[in-house]
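Those protein sequences? They're chains P and H, same order as listed.
Under my numbering, residues 3 to 492 are what the first sequence spells out, in order.
Under my numbering, residues 2 to 653 are what the second sequence spells out, in order.
Mixed in with the good hints, there may be bad ones.
[What the hints assert, rightly or not] Label-pair restraints from in silico Cβ distances: (1) Thr-71/P / Trp-605/H: 51 to 57 Å; (2) Trp-605/H / Leu-471/P: 33 to 39 Å; (3) Leu-70/H / Val-425/P: 31 to 37 Å; (4) Val-226/H / Tyr-433/P: 47 to 53 Å; (5) Tyr-36/H / Leu-65/P: 52 to 58 Å; (6) Tyr-433/P / Ile-585/H: 27 to 33 Å; (7) Gly-30/H / Ser-456/P: 35 to 41 Å; (8) Gly-576/H / Pro-380/P: 49 to 55 Å; (9) Ala-168/H / Leu-384/P: 36 to 42 Å; (10) Leu-471/P / Leu-70/H: 21 to 27 Å; (11) Ser-425/H / Val-425/P: 55 to 61 Å.
To be clear, the hints were calculated from the coordinates, so they are not data collected in a lab.
These figures come from a predicted structure and were not determined experimentally.
No residue lacks a Cβ here, since even glycine has one placed at the ideal position from N, Cα and C.
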Amino acid sequence: MGTPIPLPIMPGDLTAIGPLLAVVIAAAGFLAVDMAFTREELKNRWTFIIGIIGAALAAVTALMLDIGTGESRLILGEALYADLYTVFFDLLFALLMGASLVLSWTAVERARMKPVEFYSLAAFSFAGMFLTSRAADLLSLFLAIELLSMPLYVLAGFATTSKTGREAALKYFVLGSVASAILLFGIALMYGGTGSIDYVELGAQVSSGGRDSPLVLAGLALILAGLAFKVGAVPFHMWTPDVYEGSPTAVTALMATGVKAAGLAAAIRFLAGPMAAALSYVSVMLWWIVALSMVVGNAGAMLQSNVKRLLAYSSIAHAGYILMGLLGDSLGTAAAVYYTAVYVLSVAGAFGVVQYFGDGDRELETVDDFNGAAKRHPWISLLFTIFLLSLAGIPPTGGFVAKFFVFGSAIQTGHIGLALLGVLTSVIGIYYYLRLVIAMWMKDEGRPVLAELSPTSWVVLGLLAASVLALGCMPGWLWLIVQSAVVSLV
Amino acid sequence: MTGETLLALVVGFPLLGAVFNGFFGRFHGRRLAGYLACGAMAMAFLSALGAVKDLAGLDPQVRTIHKHLYTWIDASTFKVDMALTLDPLSAVMILVVTGVGFLIHVYSIGYMAHDDGRVRYFTYLNLFVFFMLMLVLGSSLPVMFLGWEGVGLCSYLLIGFWFDDIAKAVAGKKAFLVNRIGDMFFVLGMFLLFWTYHAVGSGSLAFADMQANAELIQAAKIGGVAVTSLAAFCLFLGATGKSAQIPLFVWLPDAMAGPTPVSALIHAATMVTAGVYMVARMNFLFEMSPGVMSLVAWVGALTALFAATIGMAATDIKKVLAYSTISQLGYMFVAVGVGSYVAGIFHLVTHAFFKGLLFLGAGSVIHGVTTQDIRQMGGVRHKMPWTFWTFLVGTWAIAGLPPFAGFFSKDEILFHAYAGPHGSVPLWFIGYLTGAMTAFYMFRLFALVFLGKTRMSKKEYGKVHESPATMTVPLAILAGLSAIGGLMGLPHAFHMPHLLGDWLAPVFPEFHVAAGAGTELGLMAASVAAAIAGSLLALYFYFKKGYVPVPDNGKASLPASVARDKFYIDEVYDGLVVMPMKAIARFLSATVDAAGVDRVASGWLPGLAGWISKGVTALQNGNTQRYAMALFAGAVALIVYVSLFGVRVPLA
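Same shape as in the complex, but just chain H (with noise of 0.2 Å):
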């Protein structure tokens, strides 16, 4: 098969799953509808094997395979092809996105063994992919947005997906909400590149296109402000939404109301990273705009440390993996906003891993332990040891110890952070600070999970169990990958090929470090060195010393409580935003719908149209001379009207 057939099939299989588990899943039962939903993803990722090799056959310099599908919209001066690209970048992201995918499928097997919502589940698991397919293939900004939205939806559905609990109906609302308002900036962002390219004469709004078009529009302005950044502005904030960054991140920890699964794969792996891979793939964009980049750079930074600090006080187990994914995107953002897209995109895959790992690790635990509150668990270790090593091994890479994958894809971006032309020694710093934390906050949740003596009864503890194989294999798995992972970008000081790096040097911008080999390596050790520092520190509180975080109501230290509380940001939120928008919508609900339009149509314009219906009505009443009275009347105002105005008045 070409490598366009293959590229179809990629996004082909997941939808075809999608239609065939949803429509006809109460047909074929529950069962089925699971292994169903792992074919259409095996399949998917072999189609993408097969369409990546084709790609590595093609020369460096013209590395793409474009497949058009259908023209969908087409008017006039707005053309938008159904199309997929895939290149280099495109080529990182669909095995991740299928990879990982078809893993969290298999262990959703196991995972969801006992719930009745299967079929829907794995319905909306397989739409998810397609979507998310559609997001990274898209050859266009619209049809990354028709995937952009389509995720979004996926997302809210599986948050919600235990609806009848009302607070999980609600943390979907929260999820769809916040995510509008950084969708509604990806929209502008898009209108305003399109009627800037208009205006110079493309209309297109393919990537391709643009990139090569984007020397033209580099002097256009509005109100002073150079479009290119307001535009790179929009889409940034469209990003914040969707990759839960300052401001909008809100919604990312309340998300983990969802199945665990989802969490690994939507809120971990694949779609929070979709705001990294849109700065990647607008690079060109980006690059026109310094400003932007910078504060790309920052938010990124100051989102990493904040919810690293929220993530050192949270009691659940998700949560604590939720506030780490928020801050490992924002390492990932701090990548890209330096300019170095290769250690961002590196970074998105290897925390695919470790971070999908963990989430399945945790899920794993949830599955056997049947509570998420990490103060009533410990000693987990004994009877959970797959498990148990797996997550260790995640810990391990997400703590950016050696030689584990985080530690060099965190490294990387330290590093251009640091050196980078772009970079400057405050932003290094936040994320070495981060860097510390990160190993603290999760050696804490390890300890506190699988270390020491447990907290809980006799009872319940004698109930943990290993989970089954189809979640301890792709742990394995996973664990493997991540254990590995960096191997594909081992760093330049090592003298080694950067695999990664070579890969996707065609799509990105060349990206220069001034610094040598030396300031690479002392890097390296100082954060080794702060890693090990924050793993043993928690190590020693919450293994040798046993301490176990207060409970919700107690007596803490104001810095701690404050964490504990998350800032205080969502009751912020609740009052300048919620609270005055609710207030509106009681407003016009009340006084303006109810009292007014309702009146209006719901009252009058019936009554008239009904006032009329009974005149018209009342006229027929059967009786012909009547009707043909209105006949002659009808003729004769007709003569009438010509004879006096009809010559004399000749309209339009």
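In isolation and in its complexed conformation, chain P is listed as follows (with noise of 0.2 Å):
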């Protein structure tokens, strides 16, 4: 026998995973409660057990993270990252798996899937979020863009009735594979040109003359476009409104929050942090993505009636907002990830509300359909208005602040022109934000049916609502939480 090898696992390493474990075994406990049980009651009443505390678990093990002076931690062999950033990000996602559970329940039942195997599938996907945030080399990120997506593409397709949905959940495998396969190329071609696929040696070599490779830039241009898929930006975003459309509300609404904010995390780790000395090399190329992006997404949610495509389209203008971040400096990446935690929340409520519209088994499609909602539900309208007017951008909601701070970091870094197309191509938005809000309001032939809320939901909804306009109102806590958790980027 030779001498064992020793694990690469060091006292503290597994409170660092600690959320990833959680919702690992939350998984498990989901595939366990589904064969323990068989009455459909116990069931479900187990899962939304076990979600919540998996939920809990992570929200608490990833406070418990001792993050000492602010440096980033690399864990288990150089393969993670613990910081700052990583908590952050582990708090966004446990809030979303505990929303989904509590306010996605409705719809996944409406779409007649079985509550534990959506969660328990989902559960996976998050697990895999989780893990994009702390990556530390590409293979971890490689990895982590996999493992949130594969359940997710299953997913998709699992409200078996629709054909819609299939062909959602087709398109999205297919090209999510096409996807993958450009990242994994965009990895192979930056080993090649470094030889190296951790993030501490990437940045090392980057600054020290390795950005004028051509493999490497080839390779970063790839690993952005991977990226940017995920993310739903322009032109690698041309999936998002047949998919968001066709697919079940409660995948759809995990795709707009988790899935994105997940690939946000991966991009800003791995563009603010490895590769910032590169960045000025194909700030030409973002620059482009961020305007299409705002453009197209914008324009294209314009003149759309469908709800869940228009709130695509609109998810892929948030995109763009976003990596308009990336473009500034360390207050522009600190805004990209401040604006990616209010769009998450707002999204997360905006879907939330809109899962509970609906009749029986047909659900609220077009923004007509939503017309007199607020003659007939005014507190969940008002919520519904809270959640759109923060993605339009209007005070006093966390997402004025959001753009606020993205074009601020923009025009201070010279990109003056890009930020006034995001002025203009958000007035775009207001227009179709308020649409809705309009149908809601001013509108009252319509009866929109609504199902009933349990009370955590109402509980739920009001929290993201009360923590929208808290952003809105009192920005300053987290806004100096971002920027020194986007310091332990660098």
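Grab the two chains, each in its own frame, and use the hints to assemble them into the complex.
Following this line, the structure appears as structure tokens:
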């Protein structure tokens, strides 16, 4: 027997991946529940309990991480990071998981999916998301992206009853595979150019001349393309409207919030971290991706009558706004992270509300379906309005502050034209978000039906709305946290 | 409770009243709204008394109570605290505002008893008091400005209270717009001060800080003009708006469209005196610019004379009082302009008593008679004894006849205008002449309304009735105050203490009068003689002889008709300012906006966006191969870009 290879696990490493473990254990718990019980009722109850415990555990373990002086720590054989940045996204994903459990339940059942199956798949996807923010080498990054995507390919086609659902799932899978291939190819090129996949090593090489290597830059370009696919930025966005529309709403909500945030968490970490020195070489590309995303996303949403499609296009635009932060300095990076948080909270709330509207099996599809909602359901309409106003970027919501930060950093680093374009396109954004608000509050011929909301749903929606407002009225505290979080990236 | 807490309560109660009536008024009903508003005012008045008592307990040298509520603005070097400061000057003001304000609130219960909009009315009224208290208690210029704007807003809301009458809504608008002109200069003055103080290292606009650092900015100049003068000038122009002085007085007569208690509270006793208060508050600034000081005095004197002339010809009971208010405010500006801030504030207080009384009396008359035209009144005395006697006290006081309040305060102003260091004989003479005219037009009003035979039809006269106790009791209290209010500022010549002057002494710079008691007594005798002459003349014409002013379209002598038509000032402003403005506005709205901006903003741009939108959606045909193609094309584009330019063109 040869000498045993020591496991690269250091004390404290397990705490550092606590959230990840919590979610994976929850996922395993779901599977166990599915096998252990036969009665649907019990299955559902235990699914909910385990899911909530998992999400709570993820949040608690995230908070237990000792951040120390704020510097990044490498764990598990330098495969993952542990720092304030990961804690920040851990909390965001834990919150999303809890919100998904509470808010999507009705929609899951409406789509004839079994909650236990849905949430076990979702939990694996969440595990991937928890990985994206902490990936410390390109392989971890790739694994994270694949782990979060695979369950979603299944989930997208989960509602076996609808033809568009199956089409969407297949489309998502095919295009996702292509994107993965591009990403992997980029990683290969990067490895070829530097001989390393390790972020620290990559960063060192890139800043000391490596960025002049065509191989490295080509690799960077392709990795950027792969991540842009997940984030839904132009020109890698074309799957979003079809897939968002075709998938069950609960899955769409997951894509619009979790997947997007995870893609951004990975992209921001990679681009503002090891690739920071090379970013100026590709900033023209980034500029075009941002500009096109804002224009295409907003213009595409403008004439949509389907609410899910509208939100899909608008999510493209938001990807543009968020990536704009990466063109700036460290404040811009912080702005991007801040925007991501606000966007995720607002969209989680918006989809949370949308999922409750509907009649029996049918969901509300078009903007006109929401006519008269405020008259019949004033409180939920008010909440929906808050989320929409935040997405539109109207004070006193967080969306306004987030846009303010992003545009501000763009202007400070000389991208005045881009900031101007951002402002102009967000005017289009106001137009289509307000169409929904107008439908709800100013038209009264419709009679939209609302599914019954449990007290927990009200609490979660209320908390989301309150946090969206709080981030608009008192942005200071989170802004400071975000700023110190991005410091650890470099 | 400590003085600080009480201070917060003083502003807190009216705000609470306004919020409560504003948000829940439609649930708890109209009757309760009035009581709530009065209760809030009573509590505010008691709190004010308590706070002032605490203040009086302090040593005169350190007589201030400061209450920091929260930090309002904190932008690096510019910081404004939402803070209240009670010092002898603001103490006088809050007692007047809450005290007279309370009486007028009580009176309003009776006056507005039949109005459906009572909840709204009392909401606005409480809100006004809140802002007025912020104005006088604010410890810095920005907080004062907050109150300044707030009272302007409430004034607008209350002038146009009966907004379904277009003329009244227009009057509200006029008041608001004219005030905006003044407000703009207030802001300019504030900016100038901030800019100048900031340049010398003190970004604070708190009154205490500005006063302490006043010497630092004394030498600052813009284009050869001292900044202190420029700022004082701007602030004074702001004051001419709020306090209805030349050239911005035109809104006040129209403001009489509001309910009469509003005229009493806002357009006589409190808000319109804000300008005087502001000049007194900023005395350290005005003292540094003697030129502006004499401008203040002269504008005040000319306004006093000018408004009195119109007052002699006016035929609407409230308009007479409105012009009289403008005229009396002119006196106050004469006082502060010659540096006699105590006399200015003294007259402010007594004026609040007697003009509040007169307006409420007028309201009582209107309530009973249902017309405002004094040519159609007469003989009301017998029907409304309470109103009659109290109105007589008010008339007596404003006419400057001893021993009522107006006599003391007005004579102090005239004496200081004559013998003070900034005073002069012409200044005094204008004031003196105005005094005689005041006595004349006030007794003219009094005689035409109350004395002689009635000019109403028998049926109308039969309906005239005395007002309820909620209205007459405040009248009686104000009459008492108008009668004895002068005791707080007895002349030096009497060798009695000037209570108000001693109380205010720590706030103002010392004021020396060169002339002795002989001069003072002489001037006093002269003005009493003038007042008596004016009163008797009026009584002779309008009571003994029974003259009645001619109808509006009737023939009158040229001077009389010019005065009756208010010297055509409104028409002149209309031609010089309003018409050109309207022409510019029409051009902007019809040509620039409709044909230019609108065509681009609501024609071309949405068209462009829609065109892009159609293009984007057309690309999105659901074909997976096409989507994959786009993906590849994007990736290839990135690669091509990087390999062609990436290495050679580092950006940023």
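Against the structure, the hints:
Evaluation of the 51 to 57 Å hint for Thr-71/P and Trp-605/H yields a pass: the beta carbon distance comes to about 55 Å. One distance hint, 33 to 39 Å for the beta-carbon pair Trp-605/H and Leu-471/P, holds here, with the actual separation near 36 Å. For the hinted restraint 31 to 37 Å between Leu-70/H and Val-425/P, the CB-CB distance of approximately 36 Å keeps it satisfied. Taking 47 to 53 Å as the suggested C-beta distance range, the pair Val-226/H and Tyr-433/P conforms, at roughly 50 Å.
Between Tyr-36/H and Leu-65/P the CB atoms are about 53 Å apart, so this pair conforms to the stated range of 52 to 58 Å. Distance hint check for Tyr-433/P and Ile-585/H: the Cβ-Cβ separation is about 31 Å, which falls inside the suggested range of 27 to 33 Å. Taking the beta carbon of each, Gly-30/H and Ser-456/P are about 39 Å apart, inside 35 to 41 Å as hinted. For the hinted restraint 49 to 55 Å between Gly-576/H and Pro-380/P, the CB-CB distance of approximately 52 Å keeps it satisfied.
Evaluation of the 36 to 42 Å hint for Ala-168/H and Leu-384/P yields a pass: the beta carbon distance comes to about 40 Å. The supplied range of 21 to 27 Å is met by Leu-471/P and Leu-70/H, whose beta-carbon atoms lie about 23 Å from each other. Separated by about 60 Å at the C-beta atoms, Ser-425/H and Val-425/P satisfy the suggested range of 55 to 61 Å.
Of the hints listed earlier, there is not a single one the structure fails to meet.
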